[in-house]
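Colleague: Now for the letters of each chain:
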Amino acid sequence: MSTTLTFAKALNTALADEMEADPTVVVFGEDVGTLGGVFRITDGLTKRFGEERCFDTPLAESGIMGMAVGMAMNGLRPVVEMQFDAFAYPAFEQVVSHVAKMPNRTRGKVKLPLVIRIPYAGGIGGVEHHCDSSESYYAHTPGLTVVSPATVPDAYTMLREAIRHPDPVVFLEPKKLYWSKEDLELEALRSSANSFGRAVVAREGTDATLITYGPSVSTALNAAAAAAEEGRSLEVIDVRSIVPFDDATVMASVRKTGRAVVIAEAPGFASVASEIVARVQERCFHSLAAPVLRVTGFDIPYPAPKLEHFHLPSVDRILDAVDELQWEDA
Amino acid sequence: MTISTGSPWRGSMQEPAGRADLDAQRAAESYMLPSVEPVQLIDPDGRHVHNDKYPLPDGDSLLGAYRELVVGRRVNDQANALVRQGRMAVYPSSHGQEACQVAAALCIEAADWLFPTYRDTVAVLARGVDPIQALTLLRGDWHSGYDPYEHNVSIQATPLATQLLHAVGVAHAAKLKGENTVVVAMCGDGATSEGDFHEALNFAAVFHVPVVFFVQNNQYAISVPLSHQSVAPSLAHKAIGYGMPGERVDGNDLAALLAVLGKAVDRARDGGGPALVEAHTYRMQSHTNADDATRYRSDDEVAQWVPKDPVMRMRTYLTELKLLDESTEKDIAAEAERVAAALREGLNAESEVDPEDLFRHVYSEKTSQLREQAAKLREELSREQL
Ligand SMILES: Cc1ncc(C[n+]2csc(CCOP(=O)(O)OP(=O)(O)O)c2C)c(N)n1
Ligand SMILES: [Mg+2]
Numbered sequence: 001m002s003t004t005l006t007f008a009k010a011l012n013t014a015l016a017d018e019m020e021a022d023p024t025v026v027v028f029g030e031d032v033g034t035l036g037g038v039f040r041i042t043d044g045l046t047k048r049f050g051e052e053r054c055f056d057t058p059l060a061e062s063g064i065m066g067m068a069v070g071m072a073m074n075g076l077r078p079v080v081e082m083q084f085d086a087f088a089y090p091a092f093e094q095v096v097s098h099v100a101k102m103p104n105r106t107r108g109k110v111k112l113p114l115v116i117r118i119p120y121a122g123g124i125g126g127v128e129h130h131c132d133s134s135e136s137y138y139a140h141t142p143g144l145t146v147v148s149p150a151t152v153p154d155a156y157t158m159l160r161e162a163i164r165h166p167d168p169v170v171f172l173e174p175k176k177l178y179w180s181k182e183d184l185e186l187e188a189l190r191s192s193a194n195s196f197g198r199a200v201v202a203r204e205g206t207d208a209t210l211i212t213y214g215p216s217v218s219t220a221l222n223a224a225a226a227a228a229e230e231g232r233s234l235e236v237i238d239v240r241s242i243v244p245f246d247d248a249t250v251m252a253s254v255r256k257t258g259r260a261v262v263i264a265e266a267p268g269f270a271s272v273a274s275e276i277v278a279r280v281q282e283r284c285f286h287s288l289a290a291p292v293l294r295v296t297g298f299d300i301p302y303p304a305p306k307l308e309h310f311h312l313p314s315v316d317r318i319l320d321a322v323d324e325l326q327w328e329d330a
Numbered sequence: 001m002t003i004s005t006g007s008p009w010r011g012s013m014q015e016p017a018g019r020a021d022l023d024a025q026r027a028a029e030s031y032m033l034p035s036v037e038p039v040q041l042i043d044p045d046g047r048h049v050h051n052d053k054y055p056l057p058d059g060d061s062l063l064g065a066y067r068e069l070v071v072g073r074r075v076n077d078q079a080n081a082l083v084r085q086g087r088m089a090v091y092p093s094s095h096g097q098e099a100c101q102v103a104a105a106l107c108i109e110a111a112d113w114l115f116p117t118y119r120d121t122v123a124v125l126a127r128g129v130d131p132i133q134a135l136t137l138l139r140g141d142w143h144s145g146y147d148p149y150e151h152n153v154s155i156q157a158t159p160l161a162t163q164l165l166h167a168v169g170v171a172h173a174a175k176l177k178g179e180n181t182v183v184v185a186m187c188g189d190g191a192t193s194e195g196d197f198h199e200a201l202n203f204a205a206v207f208h209v210p211v212v213f214f215v216q217n218n219q220y221a222i223s224v225p226l227s228h229q230s231v232a233p234s235l236a237h238k239a240i241g242y243g244m245p246g247e248r249v250d251g252n253d254l255a256a257l258l259a260v261l262g263k264a265v266d267r268a269r270d271g272g273g274p275a276l277v278e279a280h281t282y283r284m285q286s287h288t289n290a291d292d293a294t295r296y297r298s299d300d301e302v303a304q305w306v307p308k309d310p311v312m313r314m315r316t317y318l319t320e321l322k323l324l325d326e327s328t329e330k331d332i333a334a335e336a337e338r339v340a341a342a343l344r345e346g347l348n349a350e351s352e353v354d355p356e357d358l359f360r361h362v363y364s365e366k367t368s369q370l371r372e373q374a375a376k377l378r379e380e381l382s383r384e385q386l
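Chains as they are written, first to last, in the working numbering: chain A, 1 to 330; chain B, 1 to 386.
FYI, nobody ran anything at the bench for these hints, they're computed from the structure. On a predicted model such as this, the values are computed, not experimentally measured, just so you know. Ideal Cβ placement from N, Cα and C applies to all residues, glycine included. Some hints could be false.
[Said to hold, decoys possible] Once the Cα atoms are required to be at most 27 Å apart in a straight line, the calculated DSS-like pairs of lysine-lysine come out as: (1) A:109 <-> B:366; (2) A:109 <-> B:330; (3) A:47 <-> A:109; (4) A:111 <-> B:322; (5) B:330 <-> A:111; (6) B:177 <-> A:47.
[Claimed, not checked] Listed next, with one range per pair, are the computed distances between beta-carbon atoms: (7) A:50 <-> B:61: 55 to 65 Å; (8) B:241 <-> A:31: 42 to 52 Å; (9) A:50 <-> B:25: 43 to 53 Å; (10) B:223 <-> A:38: 38 to 48 Å; (11) A:21 <-> B:43: 54 to 64 Å; (12) B:379 <-> A:309: 45 to 55 Å.
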């Protein structure tokens, strides 16, 4: 039976299903209890599972993160919510020095099966500190698994997989997708095969590959649809998992099309987008007909709401980049 | 596993008190304040000091603890020697603080947890961790050498105060699982300025979890004296700000430490919640062998602490009470020598490191990127061997 769910409700359902399936899963953070989270992702969990399974903490992100480390050390599977991307920074020391390193430090004796949920990225007209694309900080930290769903079904399956994962997962939720809706077969998803760590071809094409993730997947798909009208067939890769990175799927696509544009909201300098470009040119050099280009945010602090549309990758900017890919017919 | 029901919080903040309740409230608050002087049960001359609140632990416990104290001192001296001989990269010694070390390990049960710092190797050993495994970190083989679950001793944390939150998490998980575990979380005086110290105390108090925070105030954070860290009346006074009791204790008095920590641990185990214990002690040596303490403190200052030595006063006390005789003393000294000899032997043996270990535990399963990098290193090494 097909149901219509929002991205937010899919995440909420995933949390509930995993809490039901595994009594060691605990959810905590700021306002996640009675309120159900500022985006309502934890709505109803306290009521259903009790306030020892889903609860509010004092306002202290390092405290939330550090306590999660200890709980994971002692047999629980904490899923913590950082209220917004930029408010996760107080927890950074715990994330980098302990979450990421504890398993390696102890030669795998201490596993930290925990999930750090972070609403991230822009496009919602948010004021400063509410729109950062902070993925590069986490992706640059060995030991962290970093994923970002871009579709409603992925919101559900990837969150469940993240909670079951034996290692700590930074789970980046594109805020602008929270209200997006899709029809899906929840029962089929509940028993679907594990695709954690893999990229997917979100749209097939033959002329060039758009490589992207999270909030920019829908923009890339819109660009591909527009390009199709002009007779250009663009393939869109949804990376899904930033770490580990699915080289195989991405490279297979670029080898097929011979052209690529990498798209992300974060400032481009020293970013995930830069890493993808480097990997593609190292591995696909002889298949490339043109330099791999990027469409990213500018190298600026996240702009104020009235200016953010100048900053964010847009369909036009993506199509402009595609036009620059040294077409023989040009 | 089932998670027990009941609120994770201690309860809402107290309602504003009516006049009739004010006295009761004042009493409730003042129990959180530390005693005026640090609790002392055996003075530097080895004499018992009576204390209404803290009875002296029995003779057998004191003798057992004294044994660990002597071994701890010997471990510190031996480890320093091994650094001088180039067998270890560095050693932050707890020389002068051994009473704190021993008490931290002895005040809890086997199923309880200890969260030590880089300075707390003696406590780690007193908990039963293999000495060579414990010193792996400082020998430079790996970041940590023992399995934290074997003796419920977490890694010796280096980023200051971060481990206090892990301690709160372990205690919180234990509480949710219905396990009666107590956690002792250690840090230094300097670490009390870190944000994680405050967040840990606040979380522990709000969630009412069984953690005893144990601050060894050895007067310095590397070169910075306590007066530059805090102007609170004492570090133990910070407890009341979070709604938990604080106590200060003579950190060179093993008997007082056992009594004060023991009481805090019992209280935590009985559901009384967290507590903060501040031990007044002194770092008799430099921060580590790489530091030069003469740049920031006088020999006179150090000399004042020599007569307060924790080992001496216990020996005097136990000898005068005839709990310690010459043959037991010899026996203890021989045991300390055995431990030191084992350390020398273990650390003088060449240790093998395996470059493949670099990639082995970053993730439960190597990513394709790490598999490629490991293969590359392997290939590089095989070329070198040709
Ligand atoms: C977050 C952090 N900042 C700085 C350091 C460097 N550092 C190591 S030990 C130390 C002094 C700590 O003093 P204290 O907490 O009093 O403990 P003690 O060394 O005296 O036992 C400093 C600054 C560190 N380890 N972690
Ligand atoms: Mg100190």
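Colleague: If you test the structure against every hint from before, which numbers come out violated?
Modeller: Hint check: 2, 3, 4, 5, 7, 8, 9 fail, others pass.
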